[in-house]
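*Asks:* These are the residues of each chain, in order.
Number of protein chains: 2
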Amino acid sequence: MKELSRLMKQMEFIKEIDKLKYIQRKTKLFNSDRHENDAEHSWHLAMMVMVLSEYANAPIDTLKVLKMVLLHDIVEIDAGDTFLYDTTKNHSNTDEELIAAHRIFGILPEDMTKDFIEIWIEFENGETNDAKFAKAIDRLEPILQNLSNQGGTWTEFNVPFDIVYQKIDKIKDGSSFLWDHIDELIQEFRDQA
Amino acid sequence: MKELSRLMKQMEFIKEIDKLKYIQRKTKLFNSDRHENDAEHSWHLAMMVMVLSEYANAPIDTLKVLKMVLLHDIVEIDAGDTFLYDTTKNHSNTDEELIAAHRIFGILPEDMTKDFIEIWIEFENGETNDAKFAKAIDRLEPILQNLSNQGGTWTEFNVPFDIVYQKIDKIKDGSSFLWDHIDELIQEFRDQA
Chain A
21 MKELSRLMKQ
31 MEFIKEIDKL
41 KYIQRKTKLF
51 NSDRHENDAE
61 HSWHLAMMVM
71 VLSEYANAPI
81 DTLKVLKMVL
91 LHDIVEIDAG
101 DTFLYDTTKN
111 HSNTDEELIA
121 AHRIFGILPE
131 DMTKDFIEIW
141 IEFENGETND
151 AKFAKAIDRL
161 EPILQNLSNQ
171 GGTWTEFNVP
181 FDIVYQKIDK
191 IKDGSSFLWD
201 HIDELIQEFR
211 DQA
Chain B
21 MKELSRLMKQ
31 MEFIKEIDKL
41 KYIQRKTKLF
51 NSDRHENDAE
61 HSWHLAMMVM
71 VLSEYANAPI
81 DTLKVLKMVL
91 LHDIVEIDAG
101 DTFLYDTTKN
111 HSNTDEELIA
121 AHRIFGILPE
131 DMTKDFIEIW
141 IEFENGETND
151 AKFAKAIDRL
161 EPILQNLSNQ
171 GGTWTEFNVP
181 FDIVYQKIDK
191 IKDGSSFLWD
201 HIDELIQEFR
211 DQA
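Protein sequences appear in the order of chains A and B.
Note that my numbering has the first sequence beginning at 21, numbered continuously upward.
Note that my numbering has the second sequence beginning at 21, numbered continuously upward.
These aren't lab readings, by the way, just hints derived from the structure by calculation.
Bear in mind the structure is a predicted one, so any value in this text is a computation, not a measurement.
Certain hints may be false.
For chains that are exact copies, the list does not tell them apart, and a pair is met inside one copy or across any two.
For lysine to aspartate or glutamate, the following DMTMM-like pairs were computed, each having C-alpha atoms within a straight-line distance of at most 25 Å [what the hints assert, rightly or not]: (1) 35 / 193; (2) 190 / 147; (3) 134 / 211; (4) 35 / 147; (5) 48 / 101; (6) 187 / 176; (7) 192 / 101; (8) 190 / 23; (9) 190 / 32; (10) 134 / 23; (11) 187 / 115; (12) 134 / 208; (13) 134 / 81; (14) 192 / 142; (15) 48 / 98; (16) 39 / 138; (17) 190 / 74; (18) 29 / 81; (19) 29 / 116; (20) 46 / 135; (21) 190 / 203; (22) 84 / 131.
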């Protein structure tokens, strides 16, 4: 049923999410001083899913994982970026983010609101194979950026490596192959530092 | 077969495409003076595909269309952004872009190079249902941005509306429903100008 009121809601959502391009992350682009924004980050994760999905521990639904990484940070339009190594705020599934999800995905027609919130919650919970892999990719990108930037946020905010490891070892749950490789790269970086 | 040399190529590609975040488009963000870059643009198109796919004229493979919009501009890392209304350079499938596709997608393992180039060429040719819808979405985003920015690039570069219509009526081939809506929005804008 092609209704104009349905399309109006979809168009309103498309405009609203433009704001993700203004949400600045702590991490910087590869070999760069320029901060990354959430829209760029989400695009990069989607490309990484296309390229690296063969390394998932368990078979994944690529379309679902792409949707997860494309929309996972939209809540930050209201809730702001939370730094992974922030010791005072727990990143996952804060009340603020849940309210944001309901407001922003709530702009869409009801069936889509439900669908998008479900995908976002599945990602946040990180329990399914799809969510585990999506989260692994979300962790992986800033590590590669930090390694290309002399430690990047690890160095800038003096994050001890045991804390780094606590935060990133979820990569293992999504892909033990990628984890082994990343672990090796971080060890090399530490040895050189 | 999980080989390290294969992963190295994939990681190299992931780093290389970070450069898309520096490729600035002529169009600006919604209600904004800030230019959009190609990575942000590609992310926004992917979200629009998720939200608007129900309006495709013919059934589409959403995963394929997502891949198309995510990678369609990567060639611009080498070839640069071509302005849709540029009268001296034809946007589609220039030699420069083809060389860029072979260089950049060529960083990947051979099977993936082949796959990515095929997807990109399918998009560029615009003949399949998937490519027609992907191109419609690619045309749609800057129109919405221009309408929110007092005409945006149309006004800035004095593009006559008959030229605008020549360039955007491909939207019809992907979605006549979206085309009818956009046509109405542009007429309204012209009447007010």
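*Asks:* Please go over all the hints and tell whether each is borne out by the structure.
*Replies:* Here is how each hint holds up against the structure:
1. 35 / 193: So residue 35 and residue 193 pass the 25 Å test across copies only (23 Å; inside, 35 Å).
2. 190 / 147: Within one copy only: 11 Å inside a chain, 42 Å across chains, cut-off 25 Å.
3. 134 / 211: neither (48 Å within a copy, 38 Å between copies)
4. 35 / 147: neither (31 Å within a copy, 29 Å between copies)
5. 48 / 101: both (14 Å within a copy, 23 Å between copies)
6. 187 / 176: within (17 Å within a copy, 47 Å between copies)
7. 192 / 101: within (24 Å within a copy, 38 Å between copies)
8. 190 / 23: between (43 Å within a copy, 22 Å between copies)
9. 190 / 32: Between copies only: 23 Å across, 35 Å inside.
10. 134 / 23: within (19 Å within a copy, 40 Å between copies)
11. 187 / 115: Within. Shortest intra-copy distance 21 Å satisfies the 25 Å Cα cut-off; inter-copy 45 Å does not.
12. 134 / 208: neither (45 Å within a copy, 33 Å between copies)
13. 134 / 81: For residue 134 and residue 81, the Cα distance is within 25 Å both inside one copy (19 Å) and across copies (22 Å).
14. 192 / 142: Answer is within: at 18 Å inside a copy they meet the 25 Å cutoff, but 36 Å across does not.
15. 48 / 98: For residue 48 and residue 98, the Cα distance is within 25 Å both inside one copy (21 Å) and across copies (22 Å).
16. 39 / 138: Classified as within: same-chain Cα gap 22 Å, cross-chain 33 Å, threshold 25 Å.
17. 190 / 74: The answer is within: 18 Å in one copy meets 25 Å, while 35 Å across copies does not.
18. 29 / 81: between (28 Å within a copy, 23 Å between copies)
19. 29 / 116: within (23 Å within a copy, 40 Å between copies)
20. 46 / 135: neither (30 Å within a copy, 34 Å between copies)
21. 190 / 203: within (12 Å within a copy, 48 Å between copies)
22. 84 / 131: This pair counts as both: shortest intra-copy Cα distance 17 Å, inter-copy 23 Å.
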